[in-house]
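Novice: Protein chains in written order, with the working numbering: chain A, 1 to 132; chain B, 1001 to 1568.
Please keep in mind that the hints were generated in silico from the structure rather than gathered at the bench.
Just so you know, even glycine gets a beta-carbon here, dropped at the ideal spot from N, CA and C.
Just to be clear, a hint being listed does not mean it is correct.
[Unchecked claim] Simulated restraints on C-beta separations:
{"hint": "1", "chain 1": "B", "residue 1": "I1496", "chain 2": "A", "residue 2": "W38", "range": "32 to 42 Å"}
{"hint": "2", "chain 1": "B", "residue 1": "T1373", "chain 2": "A", "residue 2": "L98", "range": "45 to 55 Å"}
{"hint": "3", "chain 1": "B", "residue 1": "H1168", "chain 2": "A", "residue 2": "D123", "range": "21 to 31 Å"}
{"hint": "4", "chain 1": "A", "residue 1": "G104", "chain 2": "B", "residue 2": "Y1245", "range": "27 to 37 Å"}
{"hint": "5", "chain 1": "B", "residue 1": "F1057", "chain 2": "A", "residue 2": "V87", "range": "50 to 60 Å"}
[Unchecked claim] Covered, in the sense of this in silico footprint (three residues per stretch, anywhere, with C-beta under 8 Å from a C-beta of chain B), are these stretches of chain A:
{"hint": "6", "stretch": "52-62"}
{"hint": "7", "stretch": "75-82"}
{"hint": "8", "stretch": "114-128"}
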Amino acid sequence: MKPGTGDGVSRMAARNGTGPDGSSESERFPALGRAFLWVDRPGNPLRIVWALTVACGLLLVADVFLVEHKAGGMASLPGFFAGAGFVMFSTIIIAARLLRTGIGRREDYYGDRAIDRETYPDDQLGKADHGR
Amino acid sequence: MGADTFPTAFLFLVAGCILPLLPRGLPRAALLIAVPVIAAGQVLAVPAGGHLESELFGFTLQLMRVDALSRVFALIFCIAAFLGNLYAWHVRDPVQQTAALLYAGSAIGAVFAGDLVTLFIYWEGTALASVFLIWARRTPGAFHTGMRYLAIQIGSGVLLLAGVILLHRETQSIAFDRMTLGSLATWLIFIAFGIKCAFPLLHNWLQDSYPAATVTGTVILSAFTTKLAVYSLARGFPGTEILIYIGTLMTIFPIFFAEIENDLRRVLAYSLNNQLGFMVVGIGIGTEMALNGTVSHAFAHILYKALLFMSVGAVLFRTGTSKASELGGLYRTMPLTALCCVIGAASISAFPLFSGFVTKSLILHEVEVAHMTVIWLGLVFASAGVLSHSGIKVPYFAFFAHDSGRRPAEAPPHMLLAMGLTAFLCVFIGVHPGPLYELLPYPVHYDAYTVPHVVGQLELLLFAMLAFCVLMRTGIHPPEVRAVNLDFDWTYRRFIPSILTRVLDAAAGASDVATGWLRSRGRSFADHLYHSRGPENLLGRSWPTGSMALFIVGVLVWVLIITFLSGL
């Protein structure tokens, strides 16, 4: 396996936006990687959020008008899963954040009997930078 | 030789013994991927029924009990072994290669075991073989983690053996069939299964050990041990009500830990625990459809979980870290790995057209049909949680989010091939669940693709994603930071050792006091003896010869006087 640093020159070049030969860094990404760059273009993250909001709205409309709601449990209530998804997800994140304040510890808490502060042995890796 | 005359497990075990004798490189790697293919062919060809009985210490062992339940688990174990070994094509470490074969073989042997003694032998085999996938990392942390893992896994086997012995005394049978909780024997067997299945409070070996294994070892570990436990519970304790509550707890508690965990391989280990919960609930309900749900979900889960571990493993392989705080923006140069990770994330989150959607819903449907509203709500809550840590967190913080500036090369071709095949299976099962349903133990009368189900599931997931966007943009979502989080393993890694240290310190102090007292008493006794019987004493003193003669004369005179007086 070709050894590499996994950081170093490539990380510096990435921050400068150029490759080692001075070319635009993004031109050297794989085609699929260049296509994915769309998500980071200015304004696009917000567009994604708006698209998601519209999709959610359409789903809610479909739920109310297309789905047959039989009398019965909570699952049959229009919009139940929409509300559950939003509220439950938010609850999980907020609860987890609170939990961290109670159980979070430094990485070396368990000393050398844990892997948390170890680096993975380089000889078992195939570190390599893109294009090298 | 017929397919039913050779135990499938022996293919792996024999290959594991042969492998070190082969030249390094291609021959060994080829053997590693050929054996699961041959084994899968045998699993599909072998007729149903009991085969290959053997006598041991007066017990009749059944090495191949083939029915729909054992066949489907053995098949997915073969597929997992093939994909895991393909992913590990570059590995030249004979320890890992041999361990991978012996581990898979033991798991398959356990699945085909028709009796509890055979199950026990293979049960311990999985423990012994798998620990080498952790130790193969060859660091002090991995060594200690492996020791903890081994102690717990072997402990599970010891409980199983104790239960089997007691059960044999009660029933005169070692058959591995349906059991009813009640006696000490069945409870011991149940707890032994529960340890391997990572029941709440018995779960931490999973989150402790899987991130400590090698890059490829974790992928292989993720497939076998816990799903063997799921199989064992499905075989031994279907319809056991307590499993419904245990399973629900298992689905819920790991999601909070996963959400704040920084090491993405440990996030996936918590996520694995959460997915096991769904399977355990299905076993607890115990209806044919619920058991179908458990088995199909285990099948799909092995694939998408392996895919997620593979993609994070590829990141670790290229960058040297799997910590979310150190990653981000890797989609630029690892787009295919990112795509596979997203497919794994979509599958575990149960998006329509992905595998989790057509398997998990069987379990949820049965819970709903049984009118277990609280349990059902718990599982819906857990489904939202799955999206939070495995559906969003893993792909987002590894491949998207902020740009870490890292520009690692794409995963090696063999890793991409393994991930691509696994991703294909995840999508294939999601789009076309019929072939998987055909493999299940009971006929499936269920259509996952109804309008209410698809709309409801999409609502749950998309609104949860909307919540994620809101929480990220408002800064409420917790950032990824370098830290560890205490879990129940704190009790045996810090609390109990600290208590033991204090007890031992106190005992040592008491011992010092007692020793000091004894020493002082001994010294004072010795002094007393010295002064009364020692050389300074009257009797011990050195007397001159003349003095002694005078003393003897005095004594003789005294005797003479007494003799004279007594004669009067």
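Novice: All the hints need checking, so say for each whether the structure fits it.
Specialist: Here is what the structure says about each hint:
no.	hint	result
1	B:I1496 - A:W38: 32 to 42 Å	violated (53 Å)
2	B:T1373 - A:L98: 45 to 55 Å	violated (27 Å)
3	B:H1168 - A:D123: 21 to 31 Å	violated (49 Å)
4	A:G104 - B:Y1245: 27 to 37 Å	holds (29 Å)
5	B:F1057 - A:V87: 50 to 60 Å	holds (59 Å)
6	52-62	holds (count 7)
7	75-82	holds (count 5)
8	114-128	holds (count 14)
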